[in-house]
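Under the numbering used here, residues 6 to 71 are what the sequence shown spells out, in order.
No lab work stands behind these hints, which were simulated from the structure alone. Please read all numbers here as calculations on a predicted model, not as lab measurements. Wrong hints could be hidden among the right ones.
[Unchecked claim] BS3-like cross-link-like pairs, simulated, lysine-lysine; straight-line CA separation at most 27 Å: (1) K36 x K57; (2) K36 x K48; (3) K48 x K7; (4) K61 x K7; (5) K15 x K52; (6) K36 x K52; (7) K57 x K7; (8) K52 x K35; (9) K48 x K35; (10) K7 x K36; (11) K7 x K35; (12) K61 x K35; (13) K15 x K35; (14) K52 x K7; (15) K61 x K48; (16) K15 x K57; (17) K15 x K36; (18) K61 x K36; (19) K57 x K35; (20) K15 x K61; (21) K15 x K48.
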Amino acid sequence: MKIWVNGEIKNFEENLTVYNLVEEIGVASKKFAVECNGEIIPKSSLKDTLVKEGDKFEIVGAVGGG
Numbered sequence: 006m007k008i009w010v011n012g013e014i015k016n017f018e019e020n021l022t023v024y025n026l027v028e029e030i031g032v033a034s035k036k037f038a039v040e041c042n043g044e045i046i047p048k049s050s051l052k053d054t055l056v057k058e059g060d061k062f063e064i065v066g067a068v069g070g071g
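Given only the sequences and the hints, what does the whole structure look like? Please build it.
So this is what it looks like as structure tokens:
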């Protein structure tokens with residue numbers, strides 16, 4: 006299935022959860038946020054939320070600095 010991830014079209018297998026998507030794209034930080042189609046997905050829902058064809062995701066990891 007084709008979805009948008011951070012502004013790029015990517016292909017993934019069907020029956021993918023948002024949690025699996027985050028793992029597959031390799032977000033290194035334990036602190037990250039996921040937006041799907043303009044709405045933030047709570048971390049408590051990542052393993053239960055299925056990715057659908059055409060979804061648009063923005064996934065960002067926190068970066069520390071000073």
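Tested hints:
For the suggested pair K36 and K57, the alpha carbons sit about 24 Å apart, so the restraint of at most 27 Å is met. Simply put, K36 and K48 have alpha-carbon atoms about 10 Å apart, close enough for the 27 Å limit, and the pair holds. Our distance criterion of 27 Å between C-alpha atoms is met by K48 and K7, whose separation comes to about 23 Å. The suggested pairing of K61 with K7 holds, with an alpha-carbon distance near 10 Å, which does not exceed 27 Å.
Distance restraint check for K15 and K52: the Cα-Cα separation of roughly 20 Å lies within the 27 Å cut-off, and the hinted pair is therefore satisfied. A hinted pair counts as satisfied when its Cα atoms are at most 27 Å apart, and K36 with K52 qualifies at roughly 16 Å. A distance of roughly 9 Å separates the Cα atoms of K57 and K7; the hinted pair therefore holds under the 27 Å criterion. Between K52 and K35 the alpha-carbon distance is near 15 Å, which keeps this suggested pair within the 27 Å criterion.
Distance check on the hinted pair: K48 and K35 sit about 11 Å apart at the alpha-carbon level, within 27 Å; holds. For the suggested pair K7 and K36, the alpha carbons sit about 26 Å apart, so the restraint of at most 27 Å is met. Taking the CA atoms of K7 and K35, the gap is about 26 Å. The hint holds against a cut of 27 Å. Note on K61 and K35: the hinted pairing holds, with a Cα-Cα distance of about 21 Å set against a maximum of 27 Å.
Of the pairs offered as hints, the one joining K15 and K35 holds, with about 23 Å between alpha carbons and a cut-off of 27 Å not exceeded. Between the alpha carbons of K52 and K7 the distance comes to roughly 20 Å, so the proposed pair stays at or under 27 Å and holds. A threshold of 27 Å between alpha carbons decides the hint, and for K61 with K48 the separation of about 17 Å falls inside it, so the pair holds. Under the criterion of a C-alpha separation no larger than 27 Å, the hint pairing K15 with K57 is consistent with the structure, at around 12 Å.
Between K15 and K36 the CA atoms are separated by roughly 23 Å; this keeps the pair inside 27 Å, and the hint holds. With a C-alpha separation of about 20 Å, the suggested pair K61 and K36 falls inside the 27 Å cut-off, and the hint holds. A distance of roughly 24 Å separates the Cα atoms of K57 and K35; the hinted pair therefore holds under the 27 Å criterion. At most 27 Å may separate the alpha-carbon atoms for a hinted pair to count; K15 and K61 meet this at roughly 10 Å.
Between K15 and K48, the direct Cα distance comes to roughly 22 Å. Compliance with the 27 Å bound is thereby established for this hinted pair.
In terms of the numbered hints stated before, the structure departs from none.
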